[in-house]
Amino acid sequence: MTAPWQHPSTGLAADRVTAFAALVPVLETPRLRLRAPRIEDFEVYRACLNDTGGAPADIWLDFNQMVASWPLRGFGPWAIDTIGSDTVGLLPVDHEFGDPEPEIGWFLTPVARGQGLATEAARAALSALLGPMGFDSIVSYIDVDNIASRAVAERLGGTQVTNGGHPAKDVLTHRYERVAQ
Amino acid sequence: MIAPTLTTARLTLRMHTAADFAPYADLFMSDRAKYMGKTADRKAAWNLFCSDVAEWTLFGHGYWAIDLTETGAFMGQVGFAKRSHFPEVELGWFLFEEYGGKGYAEEAAIAARSWAYDNLGLDSLVSYIEPGNTRSIALAERLGAHQDAAATPPAKDVLVYRHPASEARR
Chain A
1 MTAPWQHPST GLAADRVTAF AALVPVLETP RLRLRAPRIE DFEVYRACLN DTGGAPADIW
61 LDFNQMVASW PLRGFGPWAI DTIGSDTVGL LPVDHEFGDP EPEIGWFLTP VARGQGLATE
121 AARAALSALL GPMGFDSIVS YIDVDNIASR AVAERLGGTQ VTNGGHPAKD VLTHRYERVA
181 Q
Chain B
1 MIAPTLTTAR LTLRMHTAAD FAPYADLFMS DRAKYMGKTA DRKAAWNLFC SDVAEWTLFG
61 HGYWAIDLTE TGAFMGQVGF AKRSHFPEVE LGWFLFEEYG GKGYAEEAAI AARSWAYDNL
121 GLDSLVSYIE PGNTRSIALA ERLGAHQDAA ATPPAKDVLV YRHPASEARR
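Heads up: the protein sequence lines correspond to chains A and B, in order.
Under my numbering, the first residue of the first sequence is numbered 1, with each subsequent residue one higher.
Under my numbering, the first residue of the second sequence is numbered 1, with each subsequent residue one higher.
Just so you know, the hints here were simulated from the structure itself, not pulled from any lab data.
In this text, a Cβ means the ideal position worked out from N, Cα and C, and glycines have one as well.
Any given hint could turn out to be false.
Computed footprint of chain B on chain A; a stretch qualifies when at least three of its residues, placed anywhere within it, have a C-beta under 8 angstroms from a C-beta of chain B [stated by the list, open to error]: (1) 9-19; (2) 55-61; (3) 70-80.
Here are some of the chain B residues that sit facing chain A, going by a computed Cβ distance under 7 angstroms [unchecked claim]: (4) T57; (5) L58; (6) H61; (7) K82; (8) Y117; (9) G121.
The calculated BS3-like cross-link candidates involving lysine-lysine, where the alpha carbons are at most 30 angstroms apart (straight line), are [as the list claims (entries may be wrong)]: (10) B/K43 with B/K156; (11) B/K38 with A/K169; (12) B/K34 with B/K156; (13) B/K38 with B/K156; (14) A/K169 with B/K34; (15) B/K43 with B/K82.
In isolation and in its complexed conformation, chain A is listed as follows:
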């Protein structure tokens, strides 16, 4: 159930949203299509957080904080669609306030977990980021007790580093680097 303020814009405002989306590279994998985030993805993000994200107004600010990265920094989060079907998650790429450097993460709705989709989406995003988008390296910050996410980082070839500099205790830093051609 979406509230009136969540309804997508219409008319010329909608054209502007479409123009923004066209600036974001679309990434395709065997099962997934990664695209620009839009207002409808806010509810997907809430579903991914599974009641762990705090008050809706705070989740809204957090979602905006990710999305704003595209216009402010030229990189940002992708929404994750299955090919020809539903939106199943959000792949954030952003530089959160206070963090030492930009990070890549992954959020899936509960039903989409356990199928390797986070790894598949993040692998495509890393190829774009460490390739045409020009990053030499990017990190993931993962809570030490988030075993599933740590496994994804390891499957992606992330190297756990001890001097990641994240301000929070109990956060591990995994680093992915551009492969020399």
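Chain A is already provided as a structure; the job is to place chain B on it using the hints.
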């Protein structure tokens, strides 16, 4: 560019850039922001700034930075917010202290309002103002807005000023 650039006699309204955040944060952590949702720390100010920017990508409208065209000075912002707890789309504005009193906010708000009526298909806009914010109330009234006691406020003790409908604007 996602936001269109608008120009008035003295002003350029443009998309925010990351460089705008430092003065924005200084303002939102100061007492000048006591009627604007003063933030507790710079992280909260960052999230608010991002929200003002991200609404352009999500809704096709958001906040512009206001520059003084002659000098390029970044003076404040004007635009629209459709935050999660807002019943309607709000027209809002602020200026940094040193640029107040010269009619810049009024000039920017008129340009933004005209753009909204011409481009967003809206028939009406509101401004949410706290009762003690006499300068913003005075500006809302100069813009032809009137207090709308029947409208739902976004929070207790917030006044709703309704702007003239698109055909009645000046």
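Right, here's what the structure says about each hint:
1. 9-19: With 10 residues in contact (Cβ-Cβ under 8 angstroms with chain B), the coverage given for the stretch 9-19 of chain A holds.
2. 55-61: Check passed, 4 qualifying residues.
3. 70-80: With 4 residues in contact (Cβ-Cβ under 8 angstroms with chain B), the coverage given for the stretch 70-80 of chain A holds.
4. T57: Where the cut-off is 7 angstroms and the nearest Cβ of chain A is about 4 angstroms from B/T57, the hint holds.
5. L58: holds (5 angstroms)
6. H61: holds (6 angstroms)
7. K82: holds (5 angstroms)
8. Y117: violated (11 angstroms)
9. G121: OK, holds: B/G121 within 7 angstroms of chain A, min 5 angstroms.
10. B/K43 with B/K156: Holds: B/K43 and B/K156 sit about 25 angstroms apart, inside 30 angstroms.
11. B/K38 with A/K169: Holds - the C-alpha atoms of A/K169 and B/K38 are around 29 angstroms apart, at most 30 angstroms.
12. B/K34 with B/K156: Roughly 16 angstroms separates the two Cα atoms, so the pair holds.
13. B/K38 with B/K156: holds (17 angstroms)
14. A/K169 with B/K34: violated (33 angstroms)
15. B/K43 with B/K82: holds (21 angstroms)
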